[in-house]
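Residue numbers (this note's numbering), protein chains in the order written: chain H, 258 to 477; chain R, 258 to 477.
Since the hints were made in silico from the structure, they are not lab data. Worth double-checking, as some hints may not be accurate.
No copy is singled out in the list; a pair is fine if it fits within one copy or between any two copies.
Claimed, not checked - List time: in silico EDC-like cross-link candidates among lysine to aspartate or glutamate, alpha-carbon distance up to 20 Å:
| # | residue 1 | residue 2 |
| --- | --- | --- |
| 1 | Lys454 | Asp423 |
| 2 | Lys474 | Glu464 |
| 3 | Lys454 | Asp402 |
| 4 | Lys460 | Asp423 |
| 5 | Lys454 | Asp429 |
| 6 | Lys364 | Asp284 |
| 7 | Lys476 | Asp283 |
| 8 | Lys476 | Asp313 |
| 9 | Lys364 | Glu277 |
| 10 | Lys364 | Asp429 |
| 11 | Lys476 | Asp368 |
| 12 | Lys365 | Asp284 |
| 13 | Lys475 | Asp339 |
Listed below, chain by chain, are the residues.
Protein chains: 2
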Amino acid sequence: MKKVKVLKSVLVSNKERAAENRRFFDDMNALVVNIIASPGAGKTSFIRRIVGTLPDPINVLVIEGDIRGQIDSELLAQQSIDVIQINTETACHLDAFMIAQVLPQIKKQYDVVFVENVGNLVCPAEFEIGEDFKLAILSTAEGDDKPYKYPLLFHLAAVVVINKVDLMPHVDFDIQEATAGIMQENPHALLFPVSAKTGEGFKEITEFILGEVHAKKKKT
Amino acid sequence: MKKVKVLKSVLVSNKERAAENRRFFDDMNALVVNIIASPGAGKTSFIRRIVGTLPDPINVLVIEGDIRGQIDSELLAQQSIDVIQINTETACHLDAFMIAQVLPQIKKQYDVVFVENVGNLVCPAEFEIGEDFKLAILSTAEGDDKPYKYPLLFHLAAVVVINKVDLMPHVDFDIQEATAGIMQENPHALLFPVSAKTGEGFKEITEFILGEVHAKKKKT
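Next comes chain H alone, as it looks inside the complex:
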């Protein structure tokens, strides 16, 4: 009887692939932040502002996820930020395999990698990509009910940035109601109210990110 050679499957799950990505980033001592928010909540503006606020020796890479185009990448490049673009074509989220595909393009050492996920409050939360933590951005224009309506992201995000606080006088947004919704999903979430437009609140979130960068270097 002829023997059939069974090849060991090389397929791994998203979770396993995320763990491999994490090892890659750990090896370069880079903090990886998976930024998730609705379309237009201000993910790119947040990144541009925080990169401008971080001290110079901190090397930042942005991995930019979009269905199509490179509008955000071009904005970041104007600011001389290193950026790698991923176009998902139809997928509404980034996954660990997409991130794995771009790892060979990373040729230098970075201290922080901000991954800007596709604008979507639902599916991006379901896929680990190898991040240290998820950072959700909720903008005041979206309303204070979002943590109640899209619970998974707020359940999983260690950090929640409340953006566009400059619009508070013009929109119906009760920050206590939003906070209660976030706390209901994750009592340990850290909240940072900011305005990427005016720069309000960026001292605090930048200090936090810097602290995490240093903590990661000690750990790995």
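Chain H is already provided as a structure; the job is to place chain R on it using the hints.
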């Protein structure tokens, strides 16, 4: 040899199920509008405002899609609007099968059915549910680049409502840039700038919807 009875598959595609839903709504002469937008773009506020603006004899049903909870349904019910809630649990969009499941609950004749999809600019566009047309809502706070970044919805939506025009003085939103992006995807799209908060622009969109209601009655 024993005969194996092959059962005819009862599975139908989403498209086929959508066509069946469409026949159900056509039989009651109801116009069906599939409302798609980001979280917090103002889908519920839009519906509340337009239902308040439509003349009394027009019977409206809202089918409300949310991951979890019934915050929006409760708001609509306060205004004595008939509403059926669908909770998708994890799904980031409504599909034709979910709509089919609630059809038996529809016991009276409606002139318009507004379907409020899950807040998401990506996947809801991919699933027909039996609608006459898709209505996209883009809010000024989200930015004028959204049609370029989330092209499929703007390609498919016959009607685009630009909401939150009251925020225009406070946000960076170039309506000409947004319009160009929408027209690039769909030169036949009808645009309605409105504010669900102040009521601005609702005369025009209400007249349009009324016209569609009457056109549908003549056709079916």
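Structure-based check of each hint:
no., hint, result
1, Lys454 with Asp423, "both (8 Å within a copy, 18 Å between copies)"
2, Lys474 with Glu464, "within (16 Å within a copy, 62 Å between copies)"
3, Lys454 with Asp402, "between (23 Å within a copy, 17 Å between copies)"
4, Lys460 with Asp423, "within (16 Å within a copy, 31 Å between copies)"
5, Lys454 with Asp429, "both (19 Å within a copy, 10 Å between copies)"
6, Lys364 with Asp284, "within (13 Å within a copy, 62 Å between copies)"
7, Lys476 with Asp283, "within (9 Å within a copy, 63 Å between copies)"
8, Lys476 with Asp313, "neither (22 Å within a copy, 66 Å between copies)"
9, Lys364 with Glu277, "within (17 Å within a copy, 54 Å between copies)"
10, Lys364 with Asp429, "neither (46 Å within a copy, 36 Å between copies)"
11, Lys476 with Asp368, "within (13 Å within a copy, 63 Å between copies)"
12, Lys365 with Asp284, "within (12 Å within a copy, 64 Å between copies)"
13, Lys475 with Asp339, "neither (25 Å within a copy, 58 Å between copies)"
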